[in-house]
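6 protein chains.
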Amino acid sequence: MSDDQFTHLDSSGQAQMVDVTDKAVTQRVAVAQARVRMQPATLAMIQDQRHPKGDVLATARIAGIQAAKKTWDLIPLCHPLMLTKVTVNIEPEGDDALRIETLCKLSGTTGVEMEALTAASVAALTLYDMCKAVDRGMVIESVCLLEKQGGRSGHYQRVNEQEEK
Amino acid sequence: MSDDQFTHLDSSGQAQMVDVTDKAVTQRVAVAQARVRMQPATLAMIQDQRHPKGDVLATARIAGIQAAKKTWDLIPLCHPLMLTKVTVNIEPEGDDALRIETLCKLSGTTGVEMEALTAASVAALTLYDMCKAVDRGMVIESVCLLEKQGGRSGHYQRVNEQEEK
Amino acid sequence: MSDDQFTHLDSSGQAQMVDVTDKAVTQRVAVAQARVRMQPATLAMIQDQRHPKGDVLATARIAGIQAAKKTWDLIPLCHPLMLTKVTVNIEPEGDDALRIETLCKLSGTTGVEMEALTAASVAALTLYDMCKAVDRGMVIESVCLLEKQGGRSGHYQRVNEQEEK
Amino acid sequence: MSDDQFTHLDSSGQAQMVDVTDKAVTQRVAVAQARVRMQPATLAMIQDQRHPKGDVLATARIAGIQAAKKTWDLIPLCHPLMLTKVTVNIEPEGDDALRIETLCKLSGTTGVEMEALTAASVAALTLYDMCKAVDRGMVIESVCLLEKQGGRSGHYQRVNEQEEK
Amino acid sequence: MSDDQFTHLDSSGQAQMVDVTDKAVTQRVAVAQARVRMQPATLAMIQDQRHPKGDVLATARIAGIQAAKKTWDLIPLCHPLMLTKVTVNIEPEGDDALRIETLCKLSGTTGVEMEALTAASVAALTLYDMCKAVDRGMVIESVCLLEKQGGRSGHYQRVNEQEEK
Amino acid sequence: MSDDQFTHLDSSGQAQMVDVTDKAVTQRVAVAQARVRMQPATLAMIQDQRHPKGDVLATARIAGIQAAKKTWDLIPLCHPLMLTKVTVNIEPEGDDALRIETLCKLSGTTGVEMEALTAASVAALTLYDMCKAVDRGMVIESVCLLEKQGGRSGHYQRVNEQEEK
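Residue numbers (the working numbering), protein chains in the order written: chain A, 1 to 165; chain B, 1 to 165; chain C, 1 to 165; chain D, 1 to 165; chain E, 1 to 165; chain F, 1 to 165.
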């Protein structure tokens, strides 16, 4: 626990968009993840699709990238910012999950962890949407920040993989 | 597994927005959830906030409601639709989690499960954003559909709570 | 005062998007207004512009129409809806004001007064923006609902013009 | 009157987004206000709500903050920009009004008065929406710029409070 | 020429969103196209991409589908509407062009030709964006309506393919 | 052909938003065009409108300017950026066409050609929308980049006007 107050509330508890006008412009990177747990048969279907043309994963990647750019509109107290890089990678994990890993980057005065987390969440929701006709019971799990660089709070790296389960 | 094809892909594997023009207009309801796992001290801080003024939970509820209305813009192959009810409830669960439960409803030709799941995810992301200065290690878990009514596929109710862990 | 509760709060005071699923589909119309008070010289400049080419008023009209369509995105608890008519009229009033009158219409389950009020407000803000380099002291006044038809609450017509001052 | 032309029109009267590429990057602040005039009984109901949980004011504050971020999308000739601070305060005024005061800030090449005015207007519209079931006759008044710092035109402060009535 | 007035202007020439409240609800379909003319080497590169993984065409298809849903926001006087089907197909044409064909459909009171044309245009722009690093001289051509069904004006089919050159 | 790879795909062919974090901040300008080919009678009607008040061209200009600002949202892999100037000019060409020329400008790390092309396309689509009731056969042609300054790739100027036919 790095601090002892909610920065998005003023002293009377009201929501505010905090002042970052004078924060240092540094290069900031955040890496986040999400997992979509599904039936093994569902994963097999996606992987079959994958080789020849497979718009399933492409659609989810693009949805994640676009969502990163809309984070300021989705999360009420996020600052608008100009991302200079976004990537969304999706890989199978075991026989019953897809793991999404996102990276966001910019040179600016605020961190980009919300952008990376939003990209991961929306890519996961898109996978759910693409596959829900065959597997309604899929679960999105382990949406968390893996790493964060830049800014006053320094380098953060998630230590305990178990934590995220 | 209720079906054996990805409805969002055509026969050559290309993404499409499926034709719902002639589907029956019925009343459709979906209930979804998300959990935000946090340090007990973080939950305690939110609960202290809660009584006097506490914009933390209000901000997350509103973000969830607004996100439900933008689902068609976030999830590429979702149909635009006119939600007639959205609720977002957030309750503590044990001493280290907040549980979000969302409900979406409309009278139309497509289900609203993506809207309920999107509302839950964005409410969870907003809680993360509001609290990240004090607890960067929070994890969003168990984002899943709990119930779905209306439409050709009938009533769905998640049976096994363990599944969603 | 037509009612004794805030419909957008549930019984515990939490924001919600109220259920309109079962409300009657009727034809609904709302008329709203806004005034922009300015220096007489500013109004004269706009009127000079007006005759030959004058994008000032056209820009404000279009901004108002577009804002009506985005009301569900701007006002957190508004329902998404499909407007079937929007008009924005702007006329000089005396020698120091422009008066905006908007009309919104649809056939649906919710009223359109927020759409008409939002169109009037954004048209007024756009006029401010277009003219602020010459008159920073302009004031937007008297943004109010003039008339409302359709729905359970019946016909509303603002009786007392003074009220709106 | 600080200037004698409409900067948003070119020499033939056509709308344009003016060139700010070479303007100085300075710290810019704008403060704006709006008033919502209502029945005393309506204000009393909001204030009763306020103490225990009261999402009315929180919803309006959040709507105002989010609207500030969308100003470039609402007002056709506004430049996109990256606000570094937004606050929305809402206080009772007398027994029949709520007064909204907004502040926007950034370090950039254009002023932020439209952002502050848009935040105030949308917060006011949201209050109207939250309370319209009990008081349809509410009026939004006195939407104006109170103060502006930064940029070539220097410090502006509204002198005559009466003006804004 | 099917009519002798601009429906989007009122009798004094001012822009308006026309009243479709009382128009018949019929099933409406529109088919549109766009061509992207490029260097043969560029087309060859896209086709090489296509087989193994090829996000180029998938990205353009998704961008077109999403743009169709935003037409009401892009084209000022378009009505908001709820598309029930959107498809975007992209095929090579000769050795130096990609041809995009889009189809939009709904059951409603307004035609969907603007949605089909917008989908085609944005898919074409996305192809340009994906390939501009290798071929800046690409040209988007022949964006036109091919067919339109439903509504008072009946069935329209483009007769003369030359016309669209 | 200035390069031999698609920058928007990673080495395995997956869509990504490329890293521009460390690119030089330079002043960037792009000029693009589009033509709308129509019946001579349609052009004559627009020109009649033009003199007295004529919202046709004003609406298209504004739609183009606003679309430039939304390019990042329409084109999936475009970076968000802060345009500092946008102009949209529309002129008759011969007796059967309107030619749109757009200019976008900023000081930043990425080019603005997609913004200029998007502005031209959406202005053209808006003209189509305004006039479609009188001339459904209009065609949008010759959407292309005319000039580009700034950035590593230097000055580009379209040499051969014929190319764009």
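These are calculated hints, taken from the structure and not from any lab test.
Accuracy of the hints is not assured; some may be wrong.
What follows is a set of in silico ranges between Cβ atoms, one per label pair, in the way DEER data are often shown [stated by the list, open to error]:
1) B/R152 to A/A41: 19 to 29 angstroms
2) D/V25 to F/H155: 41 to 51 angstroms
3) C/K23 to B/R152: 22 to 32 angstroms
4) E/D19 to D/T7: 32 to 42 angstroms
C-beta: ideal position from N, C-alpha, C; glycine also.
We went through each hint and held it up to the structure:
1. B/R152 to A/A41: 19 to 29 angstroms: holds (22 angstroms)
2. D/V25 to F/H155: 41 to 51 angstroms: violated (26 angstroms)
3. C/K23 to B/R152: 22 to 32 angstroms: holds (25 angstroms)
4. E/D19 to D/T7: 32 to 42 angstroms: Hint holds: Cβ distance 35 angstroms, inside 32 to 42 angstroms.
When held up to the earlier numbered hints, the structure conflicts with hint 2 and nothing else.
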